[in-house]
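Q: The residues making up each chain are set out below.
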Amino acid sequence: MKKVIDILTSYSTPHKVSAIGNEAIARGAIEAGVNGVFSYPGTPSTEISEVFNLISIFRNSNSSLGNHADLIKNDLYFEYSINEKVALEKAIAFSIGNKSVLCVMKNVGMNIASDPLMSITYQTIIAPLVIVVCDDPGCHSSSNEQDSRYWGNMASVPVFNPATPKDAYEMTKQAFRLSEELRLPVIVRTTTRVSHTRGMLEYNEISTTSRESLFERLPEHINIPARTAVAHQKLLDKLNSDIVDPYFKLFNTIYFAGENKDLAIISSGVTTSYILEIVQRNNLTNRLELFDLGLIFPFPKKGVSEFLQKEFKQVLIIEELDPIIENAVRNIAQKNQLYCEILGKDYAGLGSCGEFTLSQIDQALAHFFKVSTVGEGELDHVNQYENGLPPRPPALCSGCPHRATYYALKLVVPRYNPTDTGKMKGEEVILCGDIGCSGLGALPPLKMVDTINHMGMSISMAQGLSEALKEKNTKVIAMLGDGTFFHSGILSLLNAVYTKSNLMVIIFDNRTIGMTGHQDHPGANNRTKYHEIDIPPLLRGMGIEYVETLMPFDTKDSFKKLEEAMSHEGVSVLVSKAPCVFLPGYKEFTKQDSRIVIDPSKCNTCHNHADLDINCSRNSSASTGMIRAIAKIKAQKPVNASDQSCPANICNHGFFNSILEKDYETALEMVRDKMLFARTCGDLCHRPCELFSNHGAESTVPIKQLKKFVSGIDENFKDFSSTFQRIVNTPKINKNVAIIGAGPAGLSAAYDLIRDGYQVTVFEKEAEAGGLIKHVIPDFRMDKSGFDFEVSQLEKMGVHFHFNSVLGRGIQLEDICQQYDGVIVAIGLGKSNLLDIISSVSDSKKFDAISFLKEYNQKSLKVKPDASILVVGGGNSAIDAARSAKRFHPSVNVVLSCIEEKELMPAFKEEIGHAIEEGVTIFPNSYVAACSESDKLNIALHQFDAKNHLQDLICDYIVIAIGQQGNIEEYSIIGEDKLGNGNKIKANNKTGFTNYKNVFVAGDICDENHMSLIGAIASGKRAVIGIKKLLENYEHDYEGINSLLNLNNKQKEGNSSHPLDLNGDISSIISQFNLFQSCEKCNHCIDNLGCPAMIKINGKINIDYPKCTKCGLCIDVCPNDAISWVKESEVVIENQILTT
Amino acid sequence: MDQPYKILVAGVGGQGVIFLTKLLVKSALWANIPVATSEIHGLAQRGGSVTAGVTLGEHTNGFLEKGGVDLLLGLEPLEAQRCVSYLNKKSNAIIDNNIILPYSVNSGNSAYPDTNKFIHYLKEQIQNVIFISASPESIKLKLRNFYMLGKACKESHFPIQPEFVEKAITELARKGFEESGVKTFRLGLKEIKIALSE
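Just so you know, the protein sequences line up as chains S and X, in that order.
So the first sequence is numbered by the numbering used here: it starts at 90 and just counts up by one.
So the second sequence is numbered by the numbering used here: it starts at 17 and just counts up by one.
Check the hints yourself; a few may be wrong.
Below, computed lysine-lysine pairings styled on BS3-like, alpha-carbon distance capped at 27 Å [claimed, not checked]:
1. X/Lys-156 to S/Lys-1185
2. X/Lys-82 to S/Lys-1216
3. S/Lys-676 to X/Lys-139
4. S/Lys-680 to X/Lys-82
5. S/Lys-459 to X/Lys-82
6. S/Lys-676 to X/Lys-158
7. X/Lys-139 to S/Lys-255
8. S/Lys-402 to S/Lys-424
A few chain S residues that don't get close to chain X, going by computed Cβ distances all over 10 Å [what the hints assert, rightly or not]:
9. Ala-484
10. Leu-529
11. Phe-813
12. Lys-951
13. Asp-1176
Now the stretches of chain S that chain X is said to cover, found in silico as 3 or more residues with beta-carbon under 8 Å [said to hold, decoys possible]:
14. 322–329
15. 442–454
Don't read these hints as lab results, they were simulated from the structure.
All C-beta atoms in this analysis are idealised placements derived from N, C-alpha and C, irrespective of residue type, glycine included.
With these hints in hand, go ahead and build the complete structure from the sequences.
A: Listed below in C-alpha cells is the structure:
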C-alpha cells in the first residue's frame, strides 16, 4: 500500500519525486481529475493501470483509510476490461456520461481498439478522454514494433510524444484539457524507454473539480452515414483550430536558440533526452539548435516552418521507428521552398528498426558535428570476453503449471527429437500457441509450439489449419492462457463450434494474466470485486461437448485426459487449471512441509557398468524419445530393472526401451553388446533374469520372449556389421589368448576378447564349434541354423579355430600356457557318470545321455522304431533324451525314472511339461533297484525314499542321464589340489583364475553349482575380465558377477512368465511395464522439462533449493526414480547454494 | 557532485535488479542527488537477463553507454561479463559469485565462462574489482544485495553516504527484513578486504 499512498498523496505545494514514466502518467491523470480508467495490461504500459488497480483495491478493502481519507476525494472507477476494444468503447461511453476517463494499453492493443477510435472522432465525446499507448521499439516484450504515432494521422486525434517521465506527466495532464476543449480523444504515446525510465519531477495538487453524471441526447451520438461525411470536415477543422496553439507552445521547445547556427536537429521522444545529454556533456550547445516536438499531431507546421526559415545548412531529424516527422518536415520544406539539407533516416546508421541507444546517438552526433568520439579508457580485447557468451532468454518459472501441462502434452504428442531439432516424429499434430506466458512453451527444451501470432489467434489458426489440412486428417491443438481466452480467444472458439471444426483447445488457466505481473481477468478475480466467470460451464453453454478440467501436476490424470481429448472428433476443450506460482493459492497444493531430494546413485549413473568406456549401442537414454517417460506414466507395473539382472549383464533398460520405441535393431544390438548368442538364448535360456525377480509372474518383464522376438527378425539377426565395425575401431592389443573348448563358454570368451582387440585362438576337440549346444541339445528345442550362424561370425571377426585338438592328446595345457599370454579352459565335462547296476548290460542296449543325444542330433541313432526306452535321471539331459527318444519314432515308448520328487527335478519345469505332453511317462522318487538282461532288459523300479517296489519294466534300451564329470586326463597337470567335486576345476569366483600359471576356467568345468547356457556365457565373460586384469591391469570387476553368483544358488525355475503373442505389436504389449533403471546417458529432465530449479553439476542433477517451488513434477518426470520427497524435518543434506 | 556517476546493475530476472535500483534511487533522493534510471520490465521475472541503469547527477536520464559506466553491480558473474563493454579503465565492479546456470549451459549446449579468468581480466583492466566469492554464512541469499550495496558504498567515488542508503533500506525492504537488511549492509560496509579472490 506504500505505493498507493505515495501516488495519492496530495501536495498543496509542488513536491519533488522520482518516478518512472508510467507512474508519472498515472499521477498526471489523477491530478487532472480523472474519474475512470479502463485498461488491458500489456508491457510496457502496465504500471500505469497498476496504479489505478491498486487504488481500486485499496478503496475496496475494508482496511481503515486512517489518515489517508482525505486523499480519496475524487470518485475513481477502474477496470481491467476484457480487451482493449471493450476498454476503449467503455471509456468513450464513460466520457459521454460526462466523466473524465483514461484508457491505457500497449502498442498492439490499439489495433483492436482502433475500430471505436476511428469512428468516435466523427462523433463526439463529452468529458475528456485520454488514451495512453506504449510502444516498444526493439520489441523487448511485444510482437511488433509498430509506430503508434500514426494513429494521429489515421484517426485525426492529437498525439503527444513525451521524452522523459516529467514530459509524460505534464503532457498527460494537459491532454485532459486539450481533449475537453476539442471534444476529441487525445493520445499520449510513450516508448519503453520513457515508460520505464525513472526521473525527477514535481507532483502538484490534485484537481477536485467534480463532474456531474449526465447524458445529453445529442445527434452526434448516432452514427449514420449521411451525417458522417459532414463530420469529417468538422473534425479536420477542430484540429486546425487555434485551440491547439497554446499546446504547441507548451510542448514544442527549441533548445539552444541562438544566432547564425549552421546545424539543427529536430527530435521527438526519448531521442531528445539522448541528444540533450550528449550535447551538454560534449559542450556542443553553441553548435546547434534543437527542436523537440512533444505534440506531434496535428503536426506543428507553423513552428517547424519558422524553424526551417532560420537558414540552417543542415537539419538532422532524429526519431525512432518510422520517418513520420522527417516526412512531415520534408513536406513543409518543399511546400515553403525552404532549401536546407534535410537529413533523416539512415543517417549515420540511424534506421527505422529497433530502439536507438545513447552510444548510437553519440556516434551520429559526432558524425554530424564532425568531432571525435573515441571513448576514453576502453578495455583491451573486450570482445574476447563479451562475445559468444551463453544466452539467457526468459523461461517459464520453476514450478510453473504451464510447464507441467506442456510436459504432459509432450507425452501424448511426442514429436521432437532434441538431437534432431524440428523434425516431426510420429503422428502429425500441429500446436498453435498464443501470446503470454504459455507462449514460452515454444522455447527449448519444451518446444511444444508451432505457431504464435497476435493475441488470441491460436484458436482461429487451429481452425483454419484443421480445415486446410482436412484431407490429411491432421489434428490441430490450440493453446492459450486464461487471460488470452477471454481477451479474444473466446470469439474464435464460438466460431469453431459454429463451423463444426475439428480441433482441440487447451486453456492454460493459471488464474491470472501472468506475463504482465498478475492482473485479474473475467475468469479470475484475485484482487478485484468483480464477478468471476467459471470457464467450464461457459464452454458447455457454448455447445462444446467435450470439456474437461485437469490438474496439470497430476501427470497421470493429465496424460489420460489429454489422450481422451485428442481422440475426440469435433471441438474438445481442456482447462488445465492451477494457479501461477506467484499467487497465494499455489502453496496449497505443493508440499511445503517436504523437500525434493535427488539420489545421486540413481541419477546419471549406469546400473550395468562401473566402466563407462564400455560400448553401449544406445546413443542416448530416455532423452531421445519420450517413450520411456510415457511408459512411466502409462504403465501399471513398475519394475526395477536391477531386479531382473542378467548374468551376462545385458542392459535391460536399453533393451526394453528400444523395444518400446520399436527400434528392434538397437534392442538386438543391446544384447549383442554383451553376448553373441541372442537367438540361442531366446530359445534355451532358463531366464534367471525373470526368476530373480521378486515380482509375481504377471509383473515380471518377459525378457526371454522379447529376446526371442528381436533376434527372430532375420534382417537384423543377419547383420553383424556394427560388431565388425567396432572391432575395426578398437585398437589392437598385442596379446594372444588361447581358449580350449568351443562351447558357449569358450565362444563367449572369444567374442569378448576379439572385440577388445586381443588375438584369440580356440582349440576344439570336435570337428566343429558349438559344444553341447551344437551336438547335444536336440533341434526341437532351438534354432540350430541360427546358432551356427552366430558361431560362424567369430571366425569372420578374426578368431582362429583349431579343430580336432584334444587336450591331453594332441595339445598339452603346459605348452599352451607358455605359447599364449593367457589361457581359458572351457572344455566342459567330458565324462558321463555311470550306473553300476547296469554295468553288465551289453553296450548296444545302454547309452549315456550325451552320446544318445549326439547320435540323435547326428541322425545316427540306432534304436528299433517300436522300442521301449528307460531314461534314468531328472535333469535337462534326461528330459532332452526322453523327448528325443519320443521324437525318434512316435511308437517308441519312453519311461523316465528319477530319484527326485517331480517338483524337485533339476530339469526346467517347462521341459518336464513338454515331455509329459509328448507322452513320456515319469516315475519320480524312483531308482533302478535291479536290472537283468535277456532279449530285453527287465528292470525293477523301487521307491527312492521308502525303498518299496514300485514298478517292473521291460525295455529295449536304457539311457543314463545322471550327470557328467570332468575328464581328468585332459588337465591333470593343473594339480589335484585344484580339483573339486566331479573333477571340476576350482577357481576364483570373481575372475575364474585357477591359481595355475595363466589359466582361467569357464563353463561347466568350473567348479560351481550351475550348469546352464547363460551361466556358461557369463563365466566366459568373467574369465575375460580375469585375463584383462592379468594382462592389462584392468581395474573393474566383472559387472554381472552378482547375477552370476546368484545363479549358483538358484537352480530352480520359478513360475512361467506370462506368454506373449510374439506376432502381435510387441511394443504395445509390453507398455504395461515401467522397467526403470538408472542410466548414465539420461538427460531427460534437462532435455524435456527444463525446470530452472534443476541444475546439472558434474553430470548429476541438483535441486537449486531457493528456486524450487515444491511442485514435485520432477518426481513424476524422472525416468529413473531418482527423485523423491523427504520431510523437511528429516532433511540431512546441506542446503545447496550454487557456487563453483 | 561535479561529474555524473553511472551505475549498471546486471543480474538474472528474480534476483532483485529492479529492487536494488529502487534502493539506489531512494538513497540518492535522501542524499539530495539528482537520480534517474532506465529499466526493462515485463519479462524480468522470467529468469532472463536483466539490466538497469542508474545515473546520478544533472543532465542524465538513466541511460548508459559502452565504456561509460563508473560502477558495475553484477549480481551474477555471467550477467556481469555480458556487460563488460560498458566498463572503462576507471570503472569499478562488484561482482557476486552467485552463479545461475542458464538453460543452454545446463543442457550442455554451451559452456559457462570461466569466472576466475574474467575476474582476473577485470583486475588487470579496471580500477577496482570486488569479487564476493562467498558471502559469510550469515548472509542469506535474500540479503546478498544489501551486502553488495555495502561494498558499493566503500568505493572511493560512490557519491551516496551510507546513512542515506540505510534510510532507504529501512524504507523499502520487505516487511521483516528492514533490520537484517541494514545489518547486512553494514557488514558489507565494514569488511574492506573480504573474500577477494586471487
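Q: Against each hint, give a clear statement of whether it holds in the structure.
A: Consistency of the hints with the structure:
1. X/Lys-156 to S/Lys-1185: Status holds; Cα separation ~23 Å.
2. X/Lys-82 to S/Lys-1216: violated (50 Å)
3. S/Lys-676 to X/Lys-139: violated (45 Å)
4. S/Lys-680 to X/Lys-82: This hinted pair is violated, its Cα atoms lying about 47 Å apart.
5. S/Lys-459 to X/Lys-82: holds (20 Å)
6. S/Lys-676 to X/Lys-158: holds (20 Å)
7. X/Lys-139 to S/Lys-255: Distance ~40 Å between X/Lys-139 and S/Lys-255 Cα, so the pair is violated.
8. S/Lys-402 to S/Lys-424: Holds: S/Lys-402 and S/Lys-424 sit about 18 Å apart, inside 27 Å.
9. Ala-484: At about 5 Å from chain X, S/Ala-484 fails to clear the 10 Å cut-off, so the statement is violated.
10. Leu-529: With a cut-off of 10 Å, S/Leu-529 comes too close to chain X, as the shortest Cβ separation is near 7 Å.
11. Phe-813: holds (31 Å)
12. Lys-951: Answer for S/Lys-951: holds, closest chain X Cβ roughly 68 Å.
13. Asp-1176: violated (7 Å)
14. 322–329: Violated: only 0 residues of the segment 322–329 of chain S have a Cβ under 8 Å from chain X.
15. 442–454: holds (count 4)
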